[in-house]
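Sequence order for the protein chains is Y and L.
Residues in the first sequence are numbered consecutively from 1, following our numbering.
Residues in the second sequence are numbered consecutively from 1, following our numbering.
Keep in mind that the hints were calculated from the coordinates and are not lab data.
It is possible that part of the hints are untrue.
[What the hints assert, rightly or not] Simulated coverage check for chain Y against chain L, where a stretch passes if three residues somewhere in it have a Cβ under 8 Å from a Cβ of chain L:
{"id": "1", "segment": "218–226"}
{"id": "2", "segment": "242–254"}
[Claimed, not checked] Chain Y is nowhere near these chain L residues, computed Cβ spacing over 10 Å in every case:
{"id": "3", "residue": "Gly23"}
{"id": "4", "residue": "Thr52"}
{"id": "5", "residue": "Ile63"}
{"id": "6", "residue": "Pro70"}
{"id": "7", "residue": "Asn112"}
{"id": "8", "residue": "Glu155"}
{"id": "9", "residue": "Asp156"}
{"id": "10", "residue": "Leu158"}
{"id": "11", "residue": "Pro184"}
{"id": "12", "residue": "Lys222"}
{"id": "13", "residue": "Trp264"}
{"id": "14", "residue": "Asn299"}
{"id": "15", "residue": "Leu381"}
{"id": "16", "residue": "Leu388"}
[Unchecked claim] Taking lysine to aspartate or glutamate pairs in the DMTMM-like style, the calculated list, with each CA pair at most 25 Å apart, reads:
{"id": "17", "chain 1": "L", "residue 1": "Lys132", "chain 2": "L", "residue 2": "Asp156"}
{"id": "18", "chain 1": "Y", "residue 1": "Lys11", "chain 2": "L", "residue 2": "Asp261"}
{"id": "19", "chain 1": "Y", "residue 1": "Lys385", "chain 2": "Y", "residue 2": "Glu334"}
{"id": "20", "chain 1": "Y", "residue 1": "Lys16", "chain 2": "L", "residue 2": "Asp237"}
{"id": "21", "chain 1": "Y", "residue 1": "Lys11", "chain 2": "L", "residue 2": "Glu25"}
{"id": "22", "chain 1": "Y", "residue 1": "Lys331", "chain 2": "L", "residue 2": "Asp315"}
{"id": "23", "chain 1": "L", "residue 1": "Lys361", "chain 2": "L", "residue 2": "Glu340"}
{"id": "24", "chain 1": "Y", "residue 1": "Lys222", "chain 2": "L", "residue 2": "Asp261"}
{"id": "25", "chain 1": "L", "residue 1": "Lys16", "chain 2": "Y", "residue 2": "Glu79"}
{"id": "26", "chain 1": "L", "residue 1": "Lys222", "chain 2": "Y", "residue 2": "Asp254"}
{"id": "27", "chain 1": "Y", "residue 1": "Lys222", "chain 2": "L", "residue 2": "Asp315"}
{"id": "28", "chain 1": "Y", "residue 1": "Lys11", "chain 2": "L", "residue 2": "Glu129"}
{"id": "29", "chain 1": "Y", "residue 1": "Lys32", "chain 2": "Y", "residue 2": "Glu79"}
{"id": "30", "chain 1": "Y", "residue 1": "Lys294", "chain 2": "Y", "residue 2": "Glu352"}
{"id": "31", "chain 1": "L", "residue 1": "Lys11", "chain 2": "Y", "residue 2": "Glu340"}
{"id": "32", "chain 1": "L", "residue 1": "Lys11", "chain 2": "Y", "residue 2": "Glu129"}
{"id": "33", "chain 1": "L", "residue 1": "Lys11", "chain 2": "Y", "residue 2": "Glu25"}
{"id": "34", "chain 1": "Y", "residue 1": "Lys385", "chain 2": "Y", "residue 2": "Asp315"}
{"id": "35", "chain 1": "Y", "residue 1": "Lys361", "chain 2": "Y", "residue 2": "Asp119"}
{"id": "36", "chain 1": "Y", "residue 1": "Lys11", "chain 2": "L", "residue 2": "Asp254"}
{"id": "37", "chain 1": "L", "residue 1": "Lys69", "chain 2": "L", "residue 2": "Asp57"}
{"id": "38", "chain 1": "L", "residue 1": "Lys331", "chain 2": "Y", "residue 2": "Asp315"}
{"id": "39", "chain 1": "L", "residue 1": "Lys132", "chain 2": "Y", "residue 2": "Glu79"}
For glycine and all other residues, C-beta sits at the position ideal for the given N, C-alpha and C.
What follows is each chain in one-letter form.
There are 2 protein chains.
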Amino acid sequence: MNNFIFQNSTKLIFGKNTEDSVGSEIKNYSNKILLHYGGGSIIKTGLYNKITKSLKDSGVEFIELSGVKPNPRVSLVREGIDICRKENIDFILAVGGGSVIDSSKAIAAGVNYAGDVWDLYTGTPINHECLKLATVLTIPAAGSETSSGSVITNEDGLYKRALGYPTLRPQFSILNPELTFTLPKYQTSCGVADMLAHVMERYFTNQTNVDLTDRLCEATMKTIIDNGLRLMKNPNDYDARAEIMLAGTVAHNDSLNMGRDGDWASHDIEHELSGIYDIAHGAGLSIIFPAWMKYVYKNNINRFAQFGNRVFNLDINLNNPEETALHAIEKLEEFFKAMELPIRFKDAKLPEDRIDEMSKKLVHHKDHVGGFLPIREKDALKILKLAL
Amino acid sequence: MNNFIFQNSTKLIFGKNTEDSVGSEIKNYSNKILLHYGGGSIIKTGLYNKITKSLKDSGVEFIELSGVKPNPRVSLVREGIDICRKENIDFILAVGGGSVIDSSKAIAAGVNYAGDVWDLYTGTPINHECLKLATVLTIPAAGSETSSGSVITNEDGLYKRALGYPTLRPQFSILNPELTFTLPKYQTSCGVADMLAHVMERYFTNQTNVDLTDRLCEATMKTIIDNGLRLMKNPNDYDARAEIMLAGTVAHNDSLNMGRDGDWASHDIEHELSGIYDIAHGAGLSIIFPAWMKYVYKNNINRFAQFGNRVFNLDINLNNPEETALHAIEKLEEFFKAMELPIRFKDAKLPEDRIDEMSKKLVHHKDHVGGFLPIREKDALKILKLAL
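Here chain Y stands alone, though its shape is the one from the complex (with noise of 0.2 Å):
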């Protein structure tokens, strides 16, 4: 086991009708805020009324910002660190998924910092003090709720970058299971392959003796499969809703990762993928993931026989791990494809035109992605034909 260093501080306010609670809470830290979220699905399912309805109750000052798509654009973020600047404004309240509150914390990391905000999300040290937020969410995928990273996309050359820093994990969260019945079957299904896939970066590590964080991986990852099945047959049952939104908060809140080395190849090439084609985060990671095991798996059998042993059940063939190995790989597709998710380009129906693009830009300005391999430039292309 790594040395490390743990500490995640955010309020996590789970169960039904948690979102009543918003206004009283943010009065603990501000009385005028920005209002941040996406378009119309807030406001048809009723969530808008409650939460301007709570503000206004505590009496919390509330500039709206709306507008925010998914792989959501640096264009966007500048927009609101004007108008937090021009409004005084200490406080950023985001309404909705991963995209909302990566917007946010963009925002918040932006304000108090003299250049443009992109030079954070590339390389450019924070120095300053960011704003708080705080977030009620909608849709369980990014982990974004409690975790202190961000991902942005720059339209101008579609280069979508994270940023992770420490002050940007959200104050409170709140999280009610019933704010996600009405998600569409597709985006609940790219929700949960997201949170899988955030587990699966943290398992697949070459180091050894890390055996609590390797179960409690596991353990969140059956969590995930199994209820993200249940919710297949039947999108309104609280329990299965309540077992995937909290998994999608305990698989990046960083706690699976204490003391070990993960990998993050996927979640590059995948970036690479929806940067240029703006398909559903979750969709892009179901198509790249099970590519990049194909392509790494000999690196370390016993890790993805360890995977199809505890997390499928698998019997492990100890004259033939290998044989283990590829049919957790097999199980894994398997899986996705019950969600009904994409496990091929063609399944998703994008062109094999730009691979070599995506290849080169994933390494730009870097030596290699990935921590389990190093993926460099020809290993990605190998990845993404594996994936075509």
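With chain Y fixed as given, assemble chain L onto it according to the hints.
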């Protein structure tokens, strides 16, 4: 799943040599602290010198209060409160195990309270600010290093009572598994029993639809059992020490009880035992827990069968799940025996003549203890008889 609020802000600083950072970490909070510890062991191992050097190097002044004993006493707490008031101290550093940390929390809770600190352990609510505290952990067991709880014994009547309050969670806790190499075998085993019990108290619930936390509990229990046994063979196995130390924290940081009710009757009954006899808490638990299980398992045979299946890898006898449930309890007893812990009063050479008194004191001023099955005086007496 129940509605819940979860927040645990303690910064965990984990790994080799991490105690060297104690001075610089404390400097973020205070220039003058109470250094609270037990007795000779931290001096003998050289830890005292490392800690005080780090404090001096960072310019942190410290007043010492040593003498904390297992099952920490309220009299020493009162002494600590007097020192903090007299010396104008606003931060406490606990160096030791759960007893030292719990004693520190009691001091932290008592300094700004006008009455006697014992009131806070007998129902008087906290309406004042507690001092901040931090820990350098030397015994993985109680989980007090990130928990909000504290257990103190009142010598006057030998009452052992618990207090829980959110701001009693340490600001940071330093966990270096190497510091546990010198723990005597018996103390290591008692710690293992204590942390396993913390998970079991959370695991034995009548709630259904708590998939994720069930599995996270099982992951933690398996890790504790595997690595506990590893330490019986080689107490200097860093990796096993690290797993046990991390598991002890995870067991009691409240992440395993998100959205579920626990039991805690075994802990309550054990507190009567160790309140009177000064037996190590972990050894008391290895006596009480199997007896409690034998008394209550019929209330929810499936849960005990699942425990046997998922923690001890027993096949479930679907025609007779009671057989699996009973087998699971046997396996737990076998584990405690392999850890060289007592599982009956007679193993610990405890007399039998005060079990009536313990059963009475257990429910003093309350109707019952326990969430899985209500335990009243007559039930406690039967459980204690099963433990003789």
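So, against the hints stated earlier in the document, which numbers end up violated here? 12, 17, 20, 23, 25, 31, 34, 37, 39
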